[in-house]
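One letter stands for each residue in the lines below.
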Amino acid sequence: GAVVSQHPSRVICKSGTSVKIECRSLDFQATTMFWYRQFPKQSLMLMATSNEGSKATYEQGVEKDKFLINHASLTLSTLTVTSAHPEDSSFYICSARQGNMNTEAFFGQGTRLTVV
Amino acid sequence: GIQVEQSPPDLILQEGANSTLRCNFSDSVNNLQWFHQNPWGQLINLFYIPSGTKQNGRLSATTVATERYSLLYISSSQTTDSGVYFCAGIPVDSNYQLIWGAGTKLIIKP
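Protein chains in written order, with my numbering: chain F, 1 to 116; chain V, 1 to 110.
These aren't lab readings, by the way, just hints derived from the structure by calculation. On a predicted model such as this, the values are computed, not experimentally measured, just so you know. Don't take each hint at face value.
Said to hold, decoys possible - Among the chain V residues that face chain F by a calculated CB cut under 10 Å, a handful are:
#1 V4
#2 W40
#3 V84
#4 F86
#5 A88
#6 W100
#7 G103
Where a beta carbon is used, it is the ideal one built from N, C-alpha and C, also for glycine.
Sequences are here, hints too, so could you generate the full structure?
Next up, the structure:
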């Protein structure tokens, strides 16, 4: 199957700083990538859909100025958590599909963010 | 919106046992996948199975699209099978967003 690589896998940052998470499709091109957040013992919650060359589409309740998404190429999307606060601590996962939108989705390894 | 129900929510088994996990959808889906989330959080693709039956080693899955459910079978369980199993699907006439079940937490005891 297709490979999606996410980096870093774990990050600890101080309150008020910004953190960038990268999501790469290693062996295919992805015009669309997805960013999820997962709280402990819960399922995945879609935050936003990242579109190459255009603005991301955010889900209701997700602050676009807090979670900046840039999809600058067909193989890379980045999520920047700006002015991080302890409540932003969570597990963030990216996903991409190879081909059209109705095909199998593949996921990155996830990033565990801790804001202290 | 569409609802995805997974059962059972929790399952504890001895090594070597077999199990069946179920995923029910309240409406039709085009795309159905099963995932295993390991203790480190990595989501591992198990099956992409919009319909029919597939097998991969000790795991197999069956989706009956007309009745809106899917089953995941795990045979001869190993401790490494522990983790959370999720099913997810894309509703027909949707914006291609995956809708997730709440997961089944599986613990395999040695």
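Quiz prompt | Given hint V:G103 near chain F, where the shortest CB pair must fall under 10 Å | solution = Since the shortest Cβ distance to chain F is 6 Å, the answer is holds.
Quiz prompt | Proposed interface contact between V:W40 and chain F, which counts if any beta carbon pair is under 10 Å | solution = holds (8 Å)
Quiz item: Holds or violated: is the Cβ of V:V84 closer than 10 Å to a Cβ in chain F?
Solution: holds (9 Å)
Quiz item: Is the interface hint for V:V4 satisfied, with its Cβ closer than 10 Å to some Cβ of chain F?
Solution: Holds: closest Cβ of chain F sits about 9 Å from V:V4, inside 10 Å.
Exercise. With a cut-off of 10 Å on the beta carbons, see whether V:F86 makes it to chain F.
Key: Since chain F brings a Cβ to about 6 Å from V:F86, closer than 10 Å, the hint holds.
Quiz prompt | chain F contact restraint on V:A88 - CB to CB distance below 10 Å | solution = Holds, because the Cβ-Cβ distance from V:A88 to chain F comes to roughly 8 Å (cut-off 10 Å).
Quiz item: Under the criterion of a CB-CB separation shorter than 10 Å, is V:W100 in contact with chain F as hinted?
Solution: OK, holds: V:W100 within 10 Å of chain F, min 4 Å.
In this structure, none of the earlier numbered hints is contradicted; all agree with it.
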